[in-house]
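**Student:** Given chain A's structure and the hints, the job is docking chain B onto it.
2 protein chains.
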Amino acid sequence: MSLKKSKIPKDIKNQLFEARKSSHILANLDVSIKNQILYEISTKIKENASLILEENAKDISDAKRLYEKGELSLSLCDRLLLNESKIEQMAIYCENVAELPNPTGNILDATCLDVGLDLYKVTCPIGVILMIFESRPDALIQISALGLKSGNSVILKGGKEASHSNRILVKIIREAFVLKNDFPKNSISLVETRVEVDELVKLSADLDLIIPRGSNQLVQHIQRKSLIPVLGHADGICHVFLDHAADEIKSKSVVLDSKLNYPAVCNSLETLLVHQNYSNKWLAYILLKMQDSGVEIRVCNETKKRLKTYKSLILKNAVNEDWKTEYVDLIISVKSVDSAEEAVMHINHFGSKHTDSIVTENKELAEWFLNSVDSAGVFWNASTRFADGFRYGLGAEVGVSNAKIHARGPVGLEGLITYKYKLYGNGQGVEEYDDGKRQFIHKKINF
Amino acid sequence: MSLKKSKIPKDIKNQLFEARKSSHILANLDVSIKNQILYEISTKIKENASLILEENAKDISDAKRLYEKGELSLSLCDRLLLNESKIEQMAIYCENVAELPNPTGNILDATCLDVGLDLYKVTCPIGVILMIFESRPDALIQISALGLKSGNSVILKGGKEASHSNRILVKIIREAFVLKNDFPKNSISLVETRVEVDELVKLSADLDLIIPRGSNQLVQHIQRKSLIPVLGHADGICHVFLDHAADEIKSKSVVLDSKLNYPAVCNSLETLLVHQNYSNKWLAYILLKMQDSGVEIRVCNETKKRLKTYKSLILKNAVNEDWKTEYVDLIISVKSVDSAEEAVMHINHFGSKHTDSIVTENKELAEWFLNSVDSAGVFWNASTRFADGFRYGLGAEVGVSNAKIHARGPVGLEGLITYKYKLYGNGQGVEEYDDGKRQFIHKKINF
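Taken in order, these protein sequences are the chains called A and B. So this note's numbering is basically just the index in the first sequence, starting at one, shifted up by 87. So this note's numbering is basically just the index in the second sequence, starting at one, shifted up by 87.
If you are wondering where the hints come from, they were derived from the structure by calculation, not from laboratory data. Warning: the hint list may mix true and false statements.
No copy labels: a pair is met if it fits in one copy or bridges any two.
[To be verified] In silico DSS-like cross-links for lysine-lysine, where the CA-CA straight-line distance does not exceed 25 Å:
hint	residue 1	residue 2
1	K398	K339
2	K108	K208
3	K312	K289
4	K145	K173
5	K208	K450
6	K108	K411
7	K403	K392
8	K247	K156
9	K524	K376
Bound conformation, chain A alone:
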């Protein structure tokens, strides 16, 4: 297998046209064919493991050079690195996606409009999706597998640091397509530069959805340029609210897990809100635990006052900017509130509609909080870190969306499908219904 054969179409317009054509063929493919292709990709990945590692080594050596020049972070280099175990995981991932239930062709609703005139609302692929992701090359396999399973054409834009790895992976995927004669090979294609992405976004009327997974900046850049929906994956400014009726042990467990389990990710805790009547002793105890784990604590004036007798606590002053900051780091901001209402107002104003949790034994208050907080995930007595596709049991995760429509929070395969209305008639027109000669019956059809 020579890399020279792997042609990436240069002409973006043509690439988009081919992706569109492929999407129409995919829309008619039986799920068994899509699954066979997924197993074939898995096989090809395993067969070509050493080739993948060779190409990945080129990216790593380029990245190391950039790191030495100070142009790339070490963590980025780490995320770029593939090894045999990661390659095996990619292969298994494809098999897992093959085993998921078919997300398309499912009837959502069915109505008999009249005798011989039946309306079905049926799930179907969205069409052509542009997926923009960061440097992890294994993300390419995940996204491609989910795209294939859901019957969408996917145009992939990976990080340029991973270009050798991405190219070989797309080449392997396309070689797997050969298994089935009619399988549309442009179902998966690659663009490599930001310029190409900007061109694609300009043609966005010919795309159906853009899913950028990356920084807030990236998501907003795409949103500004795009005419079509963008399923962004950006900030998580998550809150925990400790109500005065909170159980102390639960408070400790929820707060510490939310902050300390993995501070570098979007579903970790950034701002702790504490009811004025919550026990000062327990608050101090929880914050001391955090401090012992290396967390910097920034507090409002009120919190500073109530904790002033706890001399071993090192408390910095929080400023307004803190309430709107996603630290993704060992920093927490703490604010005292007079009421649950104030907590909700704060969350809805400063939060990012990601995930927010209340700790309380008051069931009625909890339910009110879950309804009032305008976030994708609203939790009662549970760590914000549960906001995750795997933990939710979604089977596969497209990403975590901070959009408010179509797909919110951790998004599974259903984020890659839409629906259409299929109407089955016998030559009917609406005229005789307008005339009152016939009446609609609108009877639900069991399915």
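**Tutor:** Using the frame of chain A, we list chain B on its own:
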């Protein structure tokens, strides 16, 4: 009741803030309260019928002046006009919406993640919606009723020709809110100028959804300016494809109804695609019927050739522009195609993803067509005019969407809702699952 009291907040930012606050209260309101408010609006509309007519008369007299100057069309004046019957219909509409099932708080999915850790995916309002609509003042009542029922705050922007009518209607709605002490009066508010809309769209991070109902131009203008999803209602370039295996009577019925029933609307037929082996005699017969009804017929070269013996048919030459034109008028374009594949390619390329129909007795081909055509409505042996919320039996229609995600085609109340994940725990963190001390069970909960 004096109009002077009806204060429209001048400060857009403040208006948006108040709408947002109201939305958080609405999210917790019991459906019975929302329904009582809807009945109260109905009562108030009936009580204030003469006042509404007075205000509407001002709009009409302004509009007539503009019409005389040639600055407004007669059809626009017509649509502006309210009368007692229309006012009664508005009142009944509110009652009908009150009687619809509650769209929020419904469980979509439920999973027990572990003992004492239950995840519910529950429908909820979207938040704050900006609705832009044309001059019909009765649309204001429809949109407001749907917004209230679904628990959203709605900012309304009607046509400026209808400003007196719109103001009095919003005033009446807000007076109905007084029935319930805690009902948030800024759930419904009004903006009146395009400048205000542009300002709102700039603040679009604080809006959740924009629904423009109007021209293609309007929709695209909003889409270009907005950072958030726009549920557009624009062009309908609908097709009927007559396959060679089409039944002749069904062909005639579907084509004539699709074109002639109401040519001025988006779900009427614009381009007829005809298989090369479809009977020329029947094609001529159908087109003659159209011609008799005043339809101008524009055909491709191939169609011209096959119909050349039918001397009474007046056939103009279609140009490329015709295939992408929504005539919404007594004009039809006709194209011969070599195959169903060519028909599908044409529809997916030139169509507007609205509604397209195939006439054939070939069930397998029909199913292939329904899957391949990338439109919200795909019909077999039925008129495109069936694409409509009332005919679909949706109960209420928000509009007809040409978006591909969230809501496609005729959109009912479900277009105004989204979902959130509610997680009910006992103080759990993810740490013990990461450690392998506990395992997720991911068992479906019956609901």
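**Student:** A separate judgement is required for each hint: does it hold in the structure or not?
**Tutor:** Checked hints:
Taking the closest pair of Cα atoms, K398 and K339 come within 25 Å of each other only inside a single copy of the chain (20 Å); across copies the shortest separation is 88 Å, beyond that limit. Proximity of K108 and K208 under a CA criterion of 25 Å is satisfied intra-copy only: 24 Å inside one chain copy versus 35 Å between copies. In the homo-oligomer, the alpha carbons of K312 and K289 lie at most 25 Å apart both inside one protomer (7 Å) and across protomers (14 Å), since each shortest distance falls under that limit. Taking the shortest alpha-carbon separations for K145 and K173, only the intra-copy value of 17 Å comes in at or below 25 Å, while the best inter-copy value is 72 Å.
For the homomeric pair K208 and K450, the shortest alpha-carbon distance between copies (18 Å) is at most 25 Å, but the shortest distance inside one copy (38 Å) is not. Only between protomers do K108 and K411 lie at most 25 Å apart by alpha-carbon distance; the minimum there is 19 Å, versus 44 Å within a single protomer. In the homo-oligomer, the alpha carbons of K403 and K392 lie at most 25 Å apart inside one protomer (12 Å), although the nearest pairing across protomers, at 85 Å, exceeds that limit. Taking CA atoms no more than 25 Å apart as the test, K247 paired with K156 passes inside one copy only; the shortest distance there is 17 Å, against 61 Å between copies.
Proximity of K524 and K376 under a CA criterion of 25 Å is satisfied inter-copy only: 22 Å between copies versus 76 Å inside one chain copy.
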